[in-house]
Amino acid sequence: MTQKYLIPLTAVFLLFLVAYAGAGAGLGWFFGIVFPYLAVIAFLVGFVIKVMGWARSAVPFRIPTTCGQQKSLPWIKQNRIDNPDTASGVFIRMLLEIFLFRSLFRNTKAAFNRNASNRITYSWEIFLWVAALAFHYAFLVVLLRHFRFFTSPVPSCVQFLEALDGIVQLGLPGLFLSGVVLPAAVLFLLARRLFDQKVRYISQGSDYFPLFLILGIAVTGIFMRYFTKVDIVAIKEMTMGLVTLSPTIPDGVASLFYGHLFLVSILFAYFPASKLMHLGGVFLSPTRNMANNTRAKRHVNPWNYDVPIHTYEQYEDHFRDKMIEAGLPVEKKE
Amino acid sequence: MADELTPDELLDKIDYATDSGNWLDTTKSVQIRPGMYCYAAKPESVETLGLPNARSWNPTEEDWKLPDNWQQIIHDGIKERLEKFRTFKIFMDVCVRCGACADKCHFFLGTGDPKNMPVLRAELLRSIYRNDFTTAGKILQKIPGGQRLGGNRPLTLDVLKEMWYYFFQCTECRRCSVFCPYGIDTAEITIMARELFNLLGLNIDWIATPVSNCYTTGNHLGIQPHAFKDMLDFFVEDIEDITGVDCTPNYQKKGADILFVTPSGDVFADPGTYTCQGYLILFKYLKEKYGLDVTWSTYASEGGNFGFFTSHETMKRLNAKMYYEAKRLGVKWILGGECGHMWRVIHQYMDTMNGPADFLEVPVNPITGTKFHNSASTKMVHITEFTADLIKHGKLELDKGRNANRIMTFHDSCNPARGMGLLDEPRYVINNVCDNFYEMPPNTIRENTFCCGSGAGLNAGENMELRMAGALPRATALKHVHEKYGVNTLGTICAIDRAALSTLCEYWVPEVEVAGIHELVGNALILPGEKERTEDLRMEPLPGCEEEE
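Line order of the protein sequences matches chains X and R.
Last residue of the first sequence: 334 in this note's numbering, with the numbers rising by one and none dropped.
Last residue of the second sequence: 883 in this note's numbering, with the numbers rising by one and none dropped.
If you're looking for bench data, these hints aren't it; they were derived computationally from the structure.
Treat the hints with care, since some could be wrong.
Said to hold, decoys possible - Pairs of lysine-lysine, DSS-like flavour, derived with a Cα cap of 25 Å: (1) Lys333(X) to Lys588(R); (2) Lys362(R) to Lys476(R); (3) Lys362(R) to Lys198(X); (4) Lys322(X) to Lys661(R); (5) Lys495(R) to Lys413(R); (6) Lys661(R) to Lys332(X); (7) Lys347(R) to Lys813(R).
To be verified - Listing some non-contacts, in silico: residues in chain R with all C-beta distances to chain X over 12 Å: (8) Lys362; (9) Gln405; (10) Asp410; (11) Leu489; (12) Thr490; (13) Leu491; (14) Phe771.
These numbers come from a predicted model, not from an experiment.
Cβ atoms here follow ideal geometry from the backbone N, Cα and C, with glycine treated the same way.
Extracted from the complex, chain R is given alone in its bound form (with noise of 0.2 Å):
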């Protein structure tokens, strides 16, 4: 585990020599090792959801407790969803092996290890499917060697066990499908691999554990809704001391303008909390400015979706809270916090799966009076987004000066990069909140932006080596900049980003703190009747507000 490992050992690690051989023959020597897969999902956790196969199995023990008819169930998972995604279906055929997806993959980067090259993980799958599924592969396995030749191969137990290994060694950042002249998107290639494993009840516990909890509790973290509003009421008496001002939040407010949903993560965890802080400080100028309400709910208190890591069903399952909250309380349009995974589901598939939304409004910010036309039939707009907008018609009364100690630079998240495009938005309202921004090499950001390693439900704690091993290439970027700069905060707009990443620099950049936009925005953003702040959300002395030797 990199708990053990220092950042040189685990440098020292990484070699990129690939073995002369021939890949098909390693199968059976991959080692399930510790530090790099996640533990079992729990039964109880598959259970809640009526999943299949609960029982309690360990990835390292031989047996892994499947169903007699596993090969079927695979082979039939494998035929329905070749007929329900063209995705799927074009990607097994087309790819030629360019390589040109090889080192754009930050587990390959971080690892060295051939079978973390995106189309090499692809393989792993598309070996079956050539051999069972296309005519050629049908006839090569009656030739001698034929099977070898086309690169195809039988489902083993080897087989499945490697699959699983390295599909969970994925995150789904979507950065190789930006290089791969045919489009081909390895995060939708794991994502059907995951449902097929889900079909065995092959999920890890850290996703497994989350989507039980957000199913019956409304969140990943099991946070029951008393606990839920302590945890907010804390945040408002930290508020309070730091600004005079007491934020208390609606929460299940019939008739509010606007549904806020945003990841539990940042009610729970820092520096997740000071975003949330930051959302609290917003909301009450909204309200005492311009009379805008806003409601928090309980029961769809999870913005994120680990759902969408286990199966399209289960993500459809959990996200539906959404609407029917927003439809309960009868608010105008949702918004939504900052969150990575959360948003390419929101932008890419909520309205497909769970509309259409035709109980809410089409977005208009009323003080603004912009109508937010990107988001005219899922009705929910992005916090940057709807924030960048107040700021840009002055709405906001904001004193930079406050986060004058603050060095930025921004991490953007992979999914708002790539499936969905918010870019400029964040940006915006850094510049607009802090003095001093710098980006990281461009290979890095935007649409080129590395994962942060932990992403796809892979933040768990057991396999520490593999996400330090793939928050390399985002590290490297951070020290530049931190080097040549004096860089000392990375933002972010991902509650998974917010967490991994603090790991991230503690590992291998110890001098940056990570910091949701939010967060920014809360300390400039001056409340009516706020008291002469001398500390920002983290209690720790405003710039100028320093005590004296």
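Only chain X is shown next, with the shape it has when bound in the complex (with noise of 0.2 Å):
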């Protein structure tokens, strides 16, 4: 049981030690350059194929889940959001399904007591809710703050977006909130799947692994900007190299982002390979993305093909006597 989350932390961990040692053994255009855009490119393709994947399997049958009351007569009041009839309702479902997590903010925890009354109770579980937001946020915020090393001059909307992470002033170089956040959200769910029983039950080394890179990812980071002040300016100018596909090698640049580099490589080769595909599949699920208005418009069946039935003829043949005698209506009288 163990292995399931050592291994993958060994796995990191190793990783780090790989890059970080092959660095300083001379191999620093393997990790800093050729693995890199290997990973990008595998990222890219594999994202592709998976989704195209999805996307050429057929939807036969209109079939969301339906979170409220339906559009019936004009005097009931319909819920347009979790019952929606119209491309409109569907969207504003998606939009707050993808960016605010609408299904999991109704979670709430079943517990049954065995005691005089035999009552199951139900309490809100807001916290894997908030985790999950604070973590995709805090994750897409350090995504989006790394454009400063990719971009030149430093596009102001990531500059805004520095200045807000990092609002709160507290020491130097700047706290950003994200640093904080991040980490924190990727332990939370960390413990949530050691320490809750169930969770610790379905989880595999497929779902230790993703955060454990995330967190070595997110550790290194921290460390680089805060700690042992690596070389931003030799940084920079090999995260443009790569970026205008010129790439160099330049002197000083620490063995530490090496290290960094390849797990946010292996990060993006895994990537589309991984339950971490939820991030294109939230957007095709059927049971979100359509409305229900199949009783109201036809939705049409790509490969829908004829079935042998019973007819009511061979149903009459079989029974025309009773029939007759019971006094029931029948097309032929003998």
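Hints given; two lone chains; assemble the complex.
Here it is, written out as structure tokens:
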């Protein structure tokens, strides 16, 4: 059981060490140029293949999960968002789902208590939603902040985001909120997997690996910014080289950075083959992205085919005498 | 079996503590246990529709008499369905195992069996998918221990048996889907799994035999046309005794305004029979007052569709009768009775499968003039939509007092709630025929409603322990309103519910009775020319007419 998380943890640690030591041993070109390019290609190609694969599969039936009152009689108030019958309703439902994790927000915890009353009690379970939201948005902010390393001059929106992220103005270099929230949220999600008995039971190595990987990325990043104070000018020269397709390996780039970059590259390469593809899948989920109007508007199944049925004529042939005797109408009297 | 297990013993068995091991290691130890599984499909029932591998077999025996190439059949079956159903493909790929669904399943809450967590139920199949259909899975196969890291596994006989056991412990209620951040719908996964089982002839008899009956005799219970008429005649006599009015219905009447289709359970078993009498009274009233002509059909005498629990194709074959008969009779549109999964099939599948219904008219209630725009294409209206419209326009004369002894709550059936959104229509009807209505706690009604524990073909007799365990969340909510408000009647709009909830009540909350909504309508509706009623449809004294001691 422990190997479910020990192996991923060890793997992340080893991956870091490989890059850290490799860069020191003169393999900077591999970890700084070749692998990042391969990883980005793997990410793009893998992502596209996966999404195209989903898109290629048919949507034979319109089967949204309805979470509110349907549109029926004009005087009954419809829940236009949770049970949309129009494209605009679906759009709002999807926006809420994608940006606010609306379904997760509903989360309740049920517990059965074996006592005199034998009740099942329900409580609103908000922490998974909070942590999930914190994690995804902190990750997004961190990702967007990193555009500083891939643009010159740095666009004002990135600078604005940085200013916002550093609004607490604490310490020097200034503390980024995302740098606190991201690892905290990852640690919460990790703790949930390790200590919540049910979640622990359903967790696989492939659930722990991305968490450790992202934690590793965050920790190495934080280290470089706040503690070891790496040569940021050299790093930017390198990242600009990557993005302008004229890669160079400048002197003075810390081995720690290669470790960081390698873990990021691993994340990119691993992404399309993993559960992280929920990023793409959430847009395509047929129970959420379809309108509940199948009775009002015909939906066509692209592979619909004729099937043998038991016709009325066969039925009447079978039961004619009994039907006549019972006084039921028949097509043929004999 | 729960016949032998008292409620207290059943409650003592609930244990949410999972073992600390890897669930992948527990497959071999899964015991297909009496009380928890349904008997195997009889070969003759499988043969009726020409479905594969009809033979007699027993799930508890070692040899399931599978074809030699069964693994290949399942493999090809999965492959085909991944291409045909985007739901299936996405739901196999995107689960992050966040666990939000874990305690949403009535079977998990009632048994504590970790494999009844929706996520793990799906993982049983997903582990095969990952192993055999993904690049990562194929790479991990080559690394020692790799399969375990990804939670992947090859399809072995033990795995098949485990899947069979647990996919017949899911009632396709979709409650987990409400809470899933990606909308993963376990019902959809269960539907696929059951389709795959059917490729090997691994259906349960409680599904296969109703399917076979429905195909040839027109309804699940195999009631032949003359017997169907006899049963309704019997209700007509009862109603005449109670009201003094003859409510004889039309059968297969060509040129009638409306074809009415309802689950055959309502014709067959209490308390559904009282709901059926309610329909007869309503149609008589509409005929007398407004000249509306409604016809029944013995050929399309089944609203329910156990084909839905077999395969998409079987569902289509059974459902086809409704349009076929409507066309033959030349009615304007179809009215559907109170049923759960029947309405999921009608609402989300029927038009797509067997439409377009261009031989019917867009449903209009000729009495109120209301056009049912929400069924403009499928041309089938739910009876609570229909009745609510009549009441709203003041077209029904109702005496609520006749239901004054009923202190009501309402059980939203899974399919109308989460596959349709029919929530307020039945409540409106209840509130107009009855004065005392109390809702169960909000976590257990509307889109959060709990299954009766017997849906999706699991309302057999031999799996009673499973059913009563799955019924627990509904039962505790019911018990709550029973104790707090004195609720004595559980209203519902589903034929399976009427049977299953009655068993549930008897077991968990014996003081509560189950009633269909149109039973209450039938009691309240004042028929033209009726005598003074002293009894309700159950032939029990009406409030105020109790005999004095």
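Hints violated by the structure (numbers, ascending): Per hint list: zero violations.
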